[in-house]
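There are 2 protein chains.
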Amino acid sequence: MDAVKVGLLGVGTVGGGTLNVLRRNSEEIFRRAGRAIAIERAVVRDRTKSRICPLEGIQLSDDPLSVVDDPDIQIVAEFIGGLEPARTLILRAIAHGKHIVTANKAVIALHGNEIFDAAHKEGVMVAFEAAVAGGIPVIKTVREAMAGNRVEWLAGIINGTSNFILSDMYHQDRTFDEALAQAQQLGYAEADPRFDIDGTDAAHKLTILSAIAFGIPLQFDKVYCEGIDRIHPDDAAYARQLGYRIKHLGIARHIGERIELRVHPALVPERKLLANVDGVMNAVLIKGDAAGPMVLYGAGAGAEPTASAVVADLVDVVRALTADPGNRVPHLGFQPDALSDRSIARIEEVETAYYLRISALDRPGVLADVTRILGDLEISIEAIRQQEPSGEQTHVPIVILTHSVREQAMNQAIARIQGLESIQSEVMRIRLETLE
Amino acid sequence: MDAVKVGLLGVGTVGGGTLNVLRRNSEEIFRRAGRAIAIERAVVRDRTKSRICPLEGIQLSDDPLSVVDDPDIQIVAEFIGGLEPARTLILRAIAHGKHIVTANKAVIALHGNEIFDAAHKEGVMVAFEAAVAGGIPVIKTVREAMAGNRVEWLAGIINGTSNFILSDMYHQDRTFDEALAQAQQLGYAEADPRFDIDGTDAAHKLTILSAIAFGIPLQFDKVYCEGIDRIHPDDAAYARQLGYRIKHLGIARHIGERIELRVHPALVPERKLLANVDGVMNAVLIKGDAAGPMVLYGAGAGAEPTASAVVADLVDVVRALTADPGNRVPHLGFQPDALSDRSIARIEEVETAYYLRISALDRPGVLADVTRILGDLEISIEAIRQQEPSGEQTHVPIVILTHSVREQAMNQAIARIQGLESIQSEVMRIRLETLE
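First to last, the protein sequences are chains A and B.
For the first sequence, this note's numbering assigns the number 436 to the last residue and increments by one with no breaks.
For the second sequence, this note's numbering assigns the number 872 to the last residue and increments by one with no breaks.
Just so you know, not all the hints are guaranteed correct.
Sample of chain B residues facing chain A (criterion: CB under 7 Å; computed from the structure) [said to hold, decoys possible]:
1) PHE552
2) ALA554
3) MET730
4) SER744
5) HIS767
6) VAL786
7) ARG842
8) ILE866
9) LEU868
Simulated from the structure, these hints should not be mistaken for lab results.
Note that beta-carbon positions come from the ideal geometry of N, C-alpha and C, so glycine has one too.
Using the sequences plus the hints, can you model the full thing?
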């Protein structure tokens, strides 16, 4: 089957990231979508600008209509951002029967009602997962996975820049201005970070989330919005003393006959997962009446995480265009004839770090014997603690953390340790995973 | 349009929860799916047994074929569990052209290849979100939202019983046997908890997750599997001293040309989100090459969370059966003609708790003045701290946490406090959200 032809409006961070991901993972994506995705055209304002991606094989132009009016283009991916000309171009592409994938939260929050209305009439898809929380599939989750629930409320850390600044104020004891400067230096805040700081960006995203959570029209003008620029380091410190962290939240709540929509800093109990979301990460807590509370956590911005959401939307559209409804998503996510026969490792081949607890007779030389055995097998030790024997015990527990080692070597080591005269019970071993 | 007709095999915890959710949220579900979902038939072994749901209006039988062979039934929802007769009934329903929704991880892990093959040939859907991690949409996320990624690895707390026991051992200093007894008493472990304790249940789920993550066939027999029954309270204590928590994990990792599939207890650094998943909650960390690390957290079991996943699957099937592909999922999740006009509250009507920081002249009576103002407006105080003035300051910061109060009352209180002679700068206020 022919490749689906896509045109890009804009090849900056998100557009460039999308090109890179489509290229790097083309085989994986083809196995999933059952059809190739070809970027045929791209609109760039300045052809001489250096890009994060190569542009070979793509027809470039500085005229957006070269994409929007091309009858061969089936999907327009819009990465211009802002309200105009994005709105006009999207509506024009829809009028030509093209599907839209966009990362533009502003245009969806402010003109989504008009855009969706047009798309519904034309029978085309408008996909916007990348508009909220980068790589985290919060749109798909609320729209599809929560379909059986009445959503009671949701609360999210949905602006990475604000969250970076608040985390930095908390962990590094910086003032707002110092933390903002730090964010700009690291590329986490733009030269003009106004919309991040004053809450507008979070309000765009909350507008979208609240509409899909409650089935209400997009109502950006009804969102109460407060930024983080008034937070003083003293507030961070006092909040900490009281067992709280300050986070910038977007909150949508169904309460009685009304809906609350608000974006503002808030104290959050420090034991909560949301309180521990640091740096530029995003997280959204959704409370459904059936599912209960659910948290989605991940990278909320950046070229590749946002591209991950864009490509997921592209694959969704391609699947819908390609397969009969019953086979839209393959059962295992990959086309049945594209499953791989990659072999599964035996456990002896697996490498992990280890925790060992060894119960030894309290006599000299035991520790030396154990470390020698580990050393002979080239197992290096990360930490070792000889615990105090409790009460009248004649056995001393020795606790060891090792660096990463092949299971086979560890099996040998444990067999030898258990062969020592001073070791009279089984060595306890638990694998250690750093999750990194 | 006619309702979609569904037959249930089994009306226990999951089947009963599904009936309750479909009934309670029928309006919300209709607004989303654009079509009613009618439970026409249900198979129950014992009609006299008390149920968590009413069964009025449903044709009951103790013969599974009354559902599987009924030409009017379009979707069979299987909640029998276990391998047989579930496998045979599912295959027979597929042969009759019916779609399947199931919560049965064992039959998918062991017979999924055969079932999907049959379904693919018949062009019917088999949906199994409820088989893994209850209400958390981990199947949908990996299969659709991660479609642009090469999944590098995933690690999950995917058995609530094991996690409850380990949490209980850690927080309450209980032995394994004591914690298991506690889990059984609270209904978190079954009378025969063998498959939870020995890791088999987690291995079923990991088999499914690894297939959709890597595009490999389901290979339950290749999963290395270790349970939690050997963990001693000493291990929990030593791990804690070293900065770790012990969790029972399912891990699938793509490494070189091989794939690791393993289920076992593991030490996890205590700062990690996964280390802080307590009780019967589930969480899955997925690392995609584009999306980066992503965590999904929520209720992994129980009638309602599992029903949430079942109903999401039902809505997915109904949407695919009903709409043209381009309009399968409405843009805002709800049908365009079913958006609600529920009003958005003004911020003055919103109730939250508050943090206040008041900078006061260091003179007697200020605290009394402030608390009197709050009392007059019926704002009750949760905590109050007068901080030490730092250095040569003549101002003392007073920090107050209030209980929940209407914003309007708080505005009045702040205006009055700022009117006090001893208060010479603006009162800092930050809302406080318990996220509960």
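Hint ALA554(B) vs chain A: min CB-CB distance below 7 Å? 11 Å, violated
Grab the minimum C-beta distance from LEU868(B) to chain A and call the hint holds if it beats 7 Å, violated otherwise.
4 Å, holds
**Study point:** Satisfaction of the PHE552(B) interface hint, Cβ to chain A closer than 7 Å
**Key:** 4 Å, holds
Given a cut of 7 Å on the nearest C-beta pair, is the interface hint for VAL786(B) held or broken against chain A?
5 Å, holds
field: Hint status (Cβ of ILE866(B) to nearest Cβ of chain A, threshold 7 Å)
entry: 5 Å, holds
**Message:** Using the nearest Cβ pair, does ARG842(B) come within less than 7 Å of chain A?
**Reply:** 12 Å, violated
Original post:
Can we keep the HIS767(B) interface hint, with Cβ of chain A closer than 7 Å?
Top reply: At 4 Å from the nearest chain A Cβ, HIS767(B) passes the 7 Å test, so the hint holds.
Check: Hint check: is the beta carbon of SER744(B) less than 7 Å from a beta carbon of chain A?
Finding: 4 Å, holds
Interface hint compliance - MET730(B) to chain A, C-beta minimum distance less than 7 Å: With a minimum Cβ separation of about 4 Å from chain A (threshold 7 Å), the hint on MET730(B) holds.
Hints 2, 7 from the list above are not met by this structure, while the remaining hints are.
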